[in-house]
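Could you build the full structure based on these sequences and the hints that come with them?
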Amino acid sequence: MATANQNLSEYGSLPEINSYWKIAIVKAQWNAEITDNLYKGAKKLLLEAGVEEKQIEYLEVPGSFELPLGAQWAIELGQADAVICLGSVIRGETSHFDYVCEAVSQGVKDVALKFSKPVIFGVLTDNNIEQSRARSGGVHGNKGTEAAVTALNMLGLRGSGFPR
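In terms of the numbering used here, the sequence shown opens at residue 2 and continues consecutively.
No lab work stands behind these hints, which were simulated from the structure alone.
Here are the computed lysine-lysine pairs in the DSS-like style, where the Cα-Cα straight-line distance is at most 30 Å:
| no. | residue 1 | residue 2 |
| --- | --- | --- |
| 1 | Lys41 | Lys55 |
| 2 | Lys110 | Lys55 |
| 3 | Lys23 | Lys41 |
| 4 | Lys55 | Lys115 |
Distance ranges between label pairs, derived from CB positions:
| no. | residue 1 | residue 2 | range |
| --- | --- | --- | --- |
| 5 | Glu49 | Tyr100 | 34 to 40 Å |
| 6 | Gly79 | Ala50 | 16 to 22 Å |
| 7 | Ser14 | Tyr59 | 25 to 31 Å |
| 8 | Asn129 | Asn19 | 36 to 42 Å |
| 9 | Asn19 | Phe98 | 35 to 41 Å |
| 10 | Leu158 | Gly64 | 29 to 35 Å |
| 11 | Leu158 | Ser20 | 16 to 22 Å |
| 12 | Glu131 | Lys55 | 33 to 39 Å |
Being a predicted model, the structure only gives us computed values, none of them experimental.
A virtual CB, placed ideally from N, CA and C, is assigned to each residue, including glycine.
Laid out in structure tokens, this is it:
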């Protein structure tokens, strides 16, 4: 495995935070042990980067499959400038894993393109709970933190007027 014994949540500089940005975090309730840790990582990073509490919206959906619709609602109803989708799908004995992962990844992409706003895929798709734990605050860092970094960088890119 390419990521063995590596913390992948290290990041460089972040853009200047704008006080008008509204960032939504949409978290799946399913696999709460994992998604709660992803949420903690994302929110901690946002606050440490200078995003104020009032700029962060939070929405919980039942499972990862519902993340795209939650993201769409966060943009349509909550007027989010960026959405961080946090979920955890752990492989089981059936093909359910494949269907959920495909639907969620396509759905997140579709919402981002529909609204031309950053909708970040912070969904763990692991083979077992140990891998999920390693990526939600364990030895491989916290993918929630990485998702928040990505959201800020995308907002900064858009706000920069786009390099020519």
